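Given these sequences and hints, build the entire structure.
There are 2 protein chains.
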Amino acid sequence: MTFTSLELRSEITSAGELRLSLEERSVDDPGPDEVVVRVEATPLNPSDLNQLLGPADVETLAASGSGDRPVTTAAIPEHLRAMTAARVDQSLTLGVEGAGTVVAAGVSAQDLLGTVVSAGAGQMYTQYRKLAASDVFPFPDGVTPQQGASSFVNPLTALGMVSTMRLEKHSALVHTAAASNLGQMLNKLCIADGIELVNVVRSAEQEEILREIGASHIVNSTDPDFVKELTAAIGETGATLAFDAVGGGGLGGQILAAMEASLLAKNPVPGPYGSPVRKQLYIYGRLDRSATALPISVGMAWSAGGWLLPYHLYRIGPEETQKLRARVADEITTTFASSYTSELTFAEALDPATIRRFGRMATGEKYLLRPNGR
Amino acid sequence: MTFTSLELRSEITSAGELRLSLEERSVDDPGPDEVVVRVEATPLNPSDLNQLLGPADVETLAASGSGDRPVTTAAIPEHLRAMTAARVDQSLTLGVEGAGTVVAAGVSAQDLLGTVVSAGAGQMYTQYRKLAASDVFPFPDGVTPQQGASSFVNPLTALGMVSTMRLEKHSALVHTAAASNLGQMLNKLCIADGIELVNVVRSAEQEEILREIGASHIVNSTDPDFVKELTAAIGETGATLAFDAVGGGGLGGQILAAMEASLLAKNPVPGPYGSPVRKQLYIYGRLDRSATALPISVGMAWSAGGWLLPYHLYRIGPEETQKLRARVADEITTTFASSYTSELTFAEALDPATIRRFGRMATGEKYLLRPNGR
Numbered sequence: 008m009t010f011t012s013l014e015l016r017s018e019i020t021s022a023g024e025l026r027l028s029l030e031e032r033s034v035d036d037p038g039p040d041e042v043v044v045r046v047e048a049t050p051l052n053p054s055d056l057n058q059l060l061g062p063a064d065v066e067t068l069a070a071s072g073s074g075d076r077p078v079t080t081a082a083i084p085e086h087l088r089a090m091t092a093a094r095v096d097q098s099l100t101l102g103v104e105g106a107g108t109v110v111a112a113g114v115s116a117q118d119l120l121g122t123v124v125s126a127g128a129g130q131m132y133t134q135y136r137k138l139a140a141s142d143v144f145p146f147p148d149g150v151t152p153q154q155g156a157s158s159f160v161n162p163l164t165a166l167g168m169v170s171t172m173r174l175e176k177h178s179a180l181v182h183t184a185a186a187s188n189l190g191q192m193l194n195k196l197c198i199a200d201g202i203e204l205v206n207v208v209r210s211a212e213q214e215e216i217l218r219e220i221g222a223s224h225i226v227n228s229t230d231p232d233f234v235k236e237l238t239a240a241i242g243e244t245g246a247t248l249a250f251d252a253v254g255g256g257g258l259g260g261q262i263l264a265a266m267e268a269s270l271l272a273k274n275p276v277p278g279p280y281g282s283p284v285r286k287q288l289y290i291y292g293r294l295d296r297s298a299t300a301l302p303i304s305v306g307m308a309w310s311a312g313g314w315l316l317p318y319h320l321y322r323i324g325p326e327e328t329q330k331l332r333a334r335v336a337d338e339i340t341t342t343f344a345s346s347y348t349s350e351l352t353f354a355e356a357l358d359p360a361t362i363r364r365f366g367r368m369a370t371g372e373k374y375l376l377r378p379n380g381r
Numbered sequence: 008m009t010f011t012s013l014e015l016r017s018e019i020t021s022a023g024e025l026r027l028s029l030e031e032r033s034v035d036d037p038g039p040d041e042v043v044v045r046v047e048a049t050p051l052n053p054s055d056l057n058q059l060l061g062p063a064d065v066e067t068l069a070a071s072g073s074g075d076r077p078v079t080t081a082a083i084p085e086h087l088r089a090m091t092a093a094r095v096d097q098s099l100t101l102g103v104e105g106a107g108t109v110v111a112a113g114v115s116a117q118d119l120l121g122t123v124v125s126a127g128a129g130q131m132y133t134q135y136r137k138l139a140a141s142d143v144f145p146f147p148d149g150v151t152p153q154q155g156a157s158s159f160v161n162p163l164t165a166l167g168m169v170s171t172m173r174l175e176k177h178s179a180l181v182h183t184a185a186a187s188n189l190g191q192m193l194n195k196l197c198i199a200d201g202i203e204l205v206n207v208v209r210s211a212e213q214e215e216i217l218r219e220i221g222a223s224h225i226v227n228s229t230d231p232d233f234v235k236e237l238t239a240a241i242g243e244t245g246a247t248l249a250f251d252a253v254g255g256g257g258l259g260g261q262i263l264a265a266m267e268a269s270l271l272a273k274n275p276v277p278g279p280y281g282s283p284v285r286k287q288l289y290i291y292g293r294l295d296r297s298a299t300a301l302p303i304s305v306g307m308a309w310s311a312g313g314w315l316l317p318y319h320l321y322r323i324g325p326e327e328t329q330k331l332r333a334r335v336a337d338e339i340t341t342t343f344a345s346s347y348t349s350e351l352t353f354a355e356a357l358d359p360a361t362i363r364r365f366g367r368m369a370t371g372e373k374y375l376l377r378p379n380g381r
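Chains as they are written, first to last, in our numbering: chain A, 8 to 381; chain B, 8 to 381.
To be clear, the hints were calculated from the coordinates, so they are not data collected in a lab.
Just so we're clear, the structure is a prediction, and the values are computed from it rather than from any experiment.
Heads up, some of the hints might be wrong.
Same chains, same names: a pair is fine if it fits in one copy or spans any two.
To be verified - With a straight-line Cα cutoff of 25 Å, these simulated SDA-like cross-link-like pairs (lysine to any residue) come out:
| id | residue 1 | residue 2 |
| --- | --- | --- |
| 1 | Lys137 | Arg285 |
| 2 | Lys273 | Ser21 |
| 3 | Lys195 | Thr328 |
| 4 | Lys195 | Thr108 |
| 5 | Lys176 | Arg285 |
| 6 | Lys273 | Gln130 |
| 7 | Lys195 | Arg293 |
| 8 | Lys176 | Gly324 |
| 9 | Lys273 | Thr91 |
| 10 | Lys273 | Leu56 |
| 11 | Lys330 | Asp142 |
Laid out in structure tokens, this is it:
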């Protein structure tokens, strides 16, 4: 049985044009250990949007092509073209993760036929995806593809932050952009596991989102007393580890310095080197693309660095990764539930006005693609 | 036998005055496992100067007291007083390291009597220092106290950088403020051990100092082509580890970004996260006290952090530390030889004009104290 599958592609040409289109592909019979998944729901994660749009200027988005084969183009600003060199003139497949129903299965994978599964193997912005049976993860009965679409990136990132905390012997966490989908999930996870979490947000609305799900420590970086409140919350929780989605500017440095100030207030240390207790800042996103500024008041026992989920999963190894995945499958409708701002068909996702909306990556907003929707 | 010992003290009063003075102390008989060292030579390291002067304004230095009991004072600027809170109104002893002759020894330490030894146990700005026999390190015959005065801080820091490189599986190094006493020593060590070292300096004179001792890779941060030359030198050596004495400003970030650019030039990686090869920046000094700026072009596989010798020795443990010390003792007149700008008696070291000279901590300048000199 062969399936005809439309898939969403992104290409940046050597002339500096972004081109989004739908390409038809045929997906043939699965091998003995393979399955074909009808992809019903796949999220637009920030990392997907980076791949989809590159550094294109969304103000130049324009629609062309026909009704069922829309093509959308945009210009890449001259000074940002160098960063796209590695992908120029390649039509990229997209979509880190998604969920759907197994519609064909090889002889060794017959038990999966008809079940709802998730996959995180990439190329999910397609109607039908052939995958190794070992790359799909079935859900307990009753879980829908919409509920299971975001089973990898956010749940494993939240679990990865907690497992990093345990591995590196910290006892509490600080998180920025804390009202994001991921941030909300991290709060539910920390509440479930009894871990103290300091949430850093940028608005009163975001404070409210987190208060409603039961967060205990919320500080607003736009408050005049922000540094004082941050230092107090860090002092109460004893957090010496922070995950920062903002990346650029002074926020990460303020957090490390607040940790140092809180440690010195508890245990004054003479001499110029500050507290010997190690403080760690991990930057896992770059909402602010300016340089990261770290002040001298962080002391000497500090570390800052990039954090990416694949590097972390490599670090903990396949056995530990499998434990995290099993927990996600069990708690996908509770701890790891995602909510979406709106659901989009492929045609809707190529609409310039819609792209400008999801391209903002506003905190707390998240969009779901329905490749087989009309 | 009791020794009368003058020692150099530094106190910062609650009124914001720095006060340097000589205090008389009597050093009594050593216990069975102890020795008394007549301290002949002890260096003014940057870390000693931090303790000696604190954040005092050297323009306000003034001499008082009598000829053989000079007292020197200076003002601590109002806005810097908070950083001195942990030491206020305490008369601090000083001097991380030094060398001298064992002039008295307990029954279990008689073999040390008359030998030239070094010690790194602190409080060496004194004429006679009582120490545990296990805290002194005898030199091979013929080594003078002047030659042995700097046996800990610089030699162990240079060896510690190389041992960090091996421990964290890097294969070459970048070093800033590279024409310093430490930087020259690191070059001799890397040449001896066949390790590639990229030296970052700030002037043509500093380039010349390093060229004379045989350094292969020297880049000048004041050259218009600095970033290009730095990237080329990093590419040639494959360095993914840097030790930075400057700390503040953009230099550390430029080095990480040059490592990333060099890695991507060798192995282009599609996608927004850059090279997966880990790049490490260690900040071990703060010649520039402004914030450290790290640009987005460092990619995601990077880490930056404080590096201090005591933390490193704790990390490698006592057995490995002992191996490093033994090598220093064997090579103190060759690989780990220090040279000094000038030698100072206690009285000379308290002279305001002299303090202003050594207080600048100019690269390549280093001063030696002779506590028993006249």
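Hints and how they fare:
Taking the shortest alpha-carbon separations for lysine 137 and arginine 285, neither the intra-copy value of 46 Å nor the inter-copy value of 34 Å comes in at or below 25 Å. Taking identical chains as interchangeable, the C-alpha atoms of lysine 273 and serine 21 lie at most 25 Å apart only when they sit on different chains, with a minimum of 21 Å there against 58 Å within one chain. For a Cα distance limit of 25 Å, the shortest separation of lysine 195 from threonine 328 inside one copy, 20 Å, qualifies, whereas the shortest one across copies, 46 Å, does not. Taking CA atoms no more than 25 Å apart as the test, lysine 195 paired with threonine 108 passes in neither setting, with 28 Å inside one copy and 65 Å between copies.
Proximity of lysine 176 to arginine 285 under the C-alpha cut-off of 25 Å is found in both arrangements, the shortest distances being 10 Å within a copy and 22 Å between copies. Taking identical chains as interchangeable, the C-alpha atoms of lysine 273 and glutamine 130 are never at most 25 Å apart, the minima being 51 Å within one chain and 27 Å between chains. Taking the shortest alpha-carbon separations for lysine 195 and arginine 293, only the intra-copy value of 24 Å comes in at or below 25 Å, while the best inter-copy value is 41 Å. For the homomeric pair lysine 176 and glycine 324, the shortest alpha-carbon distances inside one copy (18 Å) and between copies (20 Å) are both at most 25 Å.
For the homomeric pair lysine 273 and threonine 91, the shortest alpha-carbon distance between copies (16 Å) is at most 25 Å, but the shortest distance inside one copy (48 Å) is not. Taking the shortest Cα distances, lysine 273 and leucine 56 never come within 25 Å of each other, neither inside one copy (44 Å) nor across copies (27 Å). In the homo-oligomer, the alpha carbons of lysine 330 and aspartate 142 lie at most 25 Å apart inside one protomer (15 Å), although the nearest pairing across protomers, at 50 Å, exceeds that limit.
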